[in-house]
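There are 2 protein chains.
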Amino acid sequence: MLNRVTDLLKIKYPVVQGGMVWCSGWRLAAAVSNNGGLGLLGAGSMSPGVLQEHITKCKAATKLPFGVNVPLIYQEIGSIIKLILEEEVQIVFSSAGNPNTWTKLLKDNGVTVVHVVSSSKFAKKAEDAGVDAVVAEGFEAGGHNGREETSTMALIPQVCNAVSLPVIAAGGICTGGGILAAMSLGAEGVQMGTRFALSEESSANVKFKQLCTTLNEGDTLLSLKKLSPTRLIRNELFDMLKEMEDRGASADELFAILGRGRTKAGMFEGDLANGELEIGQIVSLIREIEPVETIMKKLRAEFNDSLKKLKSAEEW
Amino acid sequence: MLNRVTDLLKIKYPVVQGGMVWCSGWRLAAAVSNNGGLGLLGAGSMSPGVLQEHITKCKAATKLPFGVNVPLIYQEIGSIIKLILEEEVQIVFSSAGNPNTWTKLLKDNGVTVVHVVSSSKFAKKAEDAGVDAVVAEGFEAGGHNGREETSTMALIPQVCNAVSLPVIAAGGICTGGGILAAMSLGAEGVQMGTRFALSEESSANVKFKQLCTTLNEGDTLLSLKKLSPTRLIRNELFDMLKEMEDRGASADELFAILGRGRTKAGMFEGDLANGELEIGQIVSLIREIEPVETIMKKLRAEFNDSLKKLKSAEEW
Numbered sequence: 063m064l065n066r067v068t069d070l071l072k073i074k075y076p077v078v079q080g081g082m083v084w085c086s087g088w089r090l091a092a093a094v095s096n097n098g099g100l101g102l103l104g105a106g107s108m109s110p111g112v113l114q115e116h117i118t119k120c121k122a123a124t125k126l127p128f129g130v131n132v133p134l135i136y137q138e139i140g141s142i143i144k145l146i147l148e149e150e151v152q153i154v155f156s157s158a159g160n161p162n163t164w165t166k167l168l169k170d171n172g173v174t175v176v177h178v179v180s181s182s183k184f185a186k187k188a189e190d191a192g193v194d195a196v197v198a199e200g201f202e203a204g205g206h207n208g209r210e211e212t213s214t215m216a217l218i219p220q221v222c223n224a225v226s227l228p229v230i231a232a233g234g235i236c237t238g239g240g241i242l243a244a245m246s247l248g249a250e251g252v253q254m255g256t257r258f259a260l261s262e263e264s265s266a267n268v269k270f271k272q273l274c275t276t277l278n279e280g281d282t283l284l285s286l287k288k289l290s291p292t293r294l295i296r297n298e299l300f301d302m303l304k305e306m307e308d309r310g311a312s313a314d315e316l317f318a319i320l321g322r323g324r325t326k327a328g329m330f331e332g333d334l335a336n337g338e339l340e341i342g343q344i345v346s347l348i349r350e351i352e353p354v355e356t357i358m359k360k361l362r363a364e365f366n367d368s369l370k371k372l373k374s375a376e377e378w
Numbered sequence: 063m064l065n066r067v068t069d070l071l072k073i074k075y076p077v078v079q080g081g082m083v084w085c086s087g088w089r090l091a092a093a094v095s096n097n098g099g100l101g102l103l104g105a106g107s108m109s110p111g112v113l114q115e116h117i118t119k120c121k122a123a124t125k126l127p128f129g130v131n132v133p134l135i136y137q138e139i140g141s142i143i144k145l146i147l148e149e150e151v152q153i154v155f156s157s158a159g160n161p162n163t164w165t166k167l168l169k170d171n172g173v174t175v176v177h178v179v180s181s182s183k184f185a186k187k188a189e190d191a192g193v194d195a196v197v198a199e200g201f202e203a204g205g206h207n208g209r210e211e212t213s214t215m216a217l218i219p220q221v222c223n224a225v226s227l228p229v230i231a232a233g234g235i236c237t238g239g240g241i242l243a244a245m246s247l248g249a250e251g252v253q254m255g256t257r258f259a260l261s262e263e264s265s266a267n268v269k270f271k272q273l274c275t276t277l278n279e280g281d282t283l284l285s286l287k288k289l290s291p292t293r294l295i296r297n298e299l300f301d302m303l304k305e306m307e308d309r310g311a312s313a314d315e316l317f318a319i320l321g322r323g324r325t326k327a328g329m330f331e332g333d334l335a336n337g338e339l340e341i342g343q344i345v346s347l348i349r350e351i352e353p354v355e356t357i358m359k360k361l362r363a364e365f366n367d368s369l370k371k372l373k374s375a376e377e378w
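Residue numbers (the numbering used here), protein chains in the order written: chain A, 63 to 378; chain B, 63 to 378.
Please note that the accuracy of each hint is not assured.
Put simply, identical chains are the same to the list, so a pair is met inside one copy or across any two.
[Stated by the list, open to error] In silico PhoX-like links for lysine-lysine, alpha-carbon gap of 20 Å or less: (1) LYS288 - LYS74; (2) LYS288 - LYS304; (3) LYS373 - LYS121; (4) LYS121 - LYS72; (5) LYS360 - LYS370.
These aren't lab readings, by the way, just hints derived from the structure by calculation. For clarity, every value in this text was computed on a predicted model and none was experimentally measured.
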């Protein structure tokens with residue numbers, strides 16, 4: 063095995079597909095696992111019934127390991143965990159919540175648990191809670207994000223110092239060169255969301271994917287800081303919320319306008335003006351919607367190419 | 063020579079010390095140059111008379127190349143450029159302004175010009191203006207920063223795609239592993255501010271340096287977005303401005319409170335509560351005030367160590 067991450071997750075390449083709302087169904091997860099990475103179902107946008115269906119279909123579509131991403135603040139978290147144990151899902155990536163609550167139960171049932179963190183402090187807490195590895199996700203990442211705004215470049219070496227667990231880097235990575243950069247910082251794998259959100263197999267609305275391939279630098283910003291910091295595409299909804307924030311609107315006023323169901327409207331149903339469109343900052347580097355097989359091939363070629371260049375670098 | 067950056071700047075290691083306000087006098091610049099990097103005087107906090115004095119002293123302290131960082135929005139920019147030409151300074155790093163205005167004059171007089179940018183768009187403009195290289199500085203960097211908030215991890219590959227010039231990465235880099243990461247992303251050198259701001263030779267107030275060595279992740283944030291986005295340490299001044307911003311204060315109201323001279327008060331005179339304290343996000347990785355010689359030795363050892371580890375990595 064390549065390193066502790068490929069060993070732990072029983073995968074060929076240390077590339078995890080982020081479990082994203084409205085993007086990560088069984089087609090995407092199975093395709094990533096079938097191409098040597100780790101696919102994750104994104105439970106955050108699924109009812110327990112829908113998740114059950116996706117687990118069943120994913121098992122039929124791949125014999126290789128896949129996992130489920132579970133936001134721990136999910137309302138029906140008890141049902142989700144029960145389902146995961148009943149279905150004997152082997153790997154859980156938990157996020158957005160306290161890793162102490164469910165890690166022991168999952169581990170006692172033989173599940174590999176990886177927790178997503180945005181700081182060294184949370185990484186240490188996850189290690190103390192008994193998880194097997196952490197994803198350290200930087201400010202660049204799409205969707206919900208940490209309050210400290212630590213970027214991947216700054217976060218990874220600090221998390222690697224703070225814990226002895228394997229560290230998987232996330233946020234701002236979508237090329238083989240990016241993977242090598244993460245490894246230079248001490249990570250043993252990467253989690254990529256944006257690149258896979260724009261794959262053919264992603265369940266996001268094609269209008270959303272197409273918009274993403276036209277975005278430029280600066281077209282996503284971390285916003286909604288009075289609610290929960292979230293990286294969004296700047297659309298009509300964003301501009302309206304931004305204008306309210308600039309005028310000093312309270313969290314309650316912002317929530318009254320935002321409401322619920324905006325990510326589904328935007329990312330799944332394709333309402334590009336009024337939906338909440340979550341994607342990572344690295345989106346401006348992606349100009350094509352491609353099948354997962356092509357993406358994985360390109361990542362490997364880029365990684366090997368960057369590694370060759372570095373191998374020829376002289377020591378100082 | 064190692065690569066295009068060491069070749070262009072006639073230095074041994076592709077490490078540039080950022081030209082920072084209140085930190086980068088002749089002692090720091092000469093020490094960095096004498097240890098194989100490129101030292102820069104920070105003209106941003108110097109009158110033309112003071113800059114002249116620092117150029118003279120720097121010439122006496124090193125026979126190796128050094129440069130001057132010039133914010134192009136500087137009020138007395140004409141006098142500064144005249145002085146640089148008269149003193150036959152060989153290298154100028156320009157920032158915060160239009161590279162079209164002065165690049166040709168500097169180049170016609172044999173000066174090497176490097177421009178600092180925060181986006182691919184600005185990198186392309188700098189290339190079109192005839193500069194020799196660009197510094198691509200990410201969201202992590204201390205002090206004044208781009209509006210698009212693109213992190214170093216996301217910025218470097220995009221700038222490398224946009225221009226054929228050598229790219230120097232800045233923002234969030236303070237270790238040899240970070241330098242290797244920047245090179246994995248396509249950069250041929252790095253500019254480090256924070257690490258050198260906390261060196262013994264930095265002219266910043268020792269109280270400021272000591273505070274910096276105690277900071278944790280999240281203790282700096284990009285703020286003053288209604289004025290000019292600036293990464294600051296969260297102190298009493300920061301909290302007051304933040305509270306005003308949350309209430310919807312206008313740019314004029316913020317400026318009326320902020321006024322001028324706050325960086326000098328904080329970073330040079332040591333008023334840690336009421337000063338504007340600029341430092342990069344990576345500050346939380348630095349726990350010691352060290353001489354430049356030690357810093358450069360550590361960077362080389364870390365770089366070589368990280369490179370060795372990567373060299374043993376298998377291709378996929």
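Structure-based check of each hint:
Taking identical chains as interchangeable, the C-alpha atoms of LYS288 and LYS74 are never at most 20 Å apart, the minima being 41 Å within one chain and 48 Å between chains. Taking identical chains as interchangeable, the C-alpha atoms of LYS288 and LYS304 lie at most 20 Å apart whether they share a chain (11 Å) or sit on different chains (12 Å). For a Cα distance limit of 20 Å, the shortest separation of LYS373 from LYS121 qualifies neither inside one copy, at 39 Å, nor across copies, at 37 Å. Taking identical chains as interchangeable, the C-alpha atoms of LYS121 and LYS72 lie at most 20 Å apart only when both belong to the same chain, with a minimum of 16 Å there against 59 Å between chains.
Only within a single protomer do LYS360 and LYS370 lie at most 20 Å apart by alpha-carbon distance; the minimum there is 15 Å, versus 25 Å between protomers.
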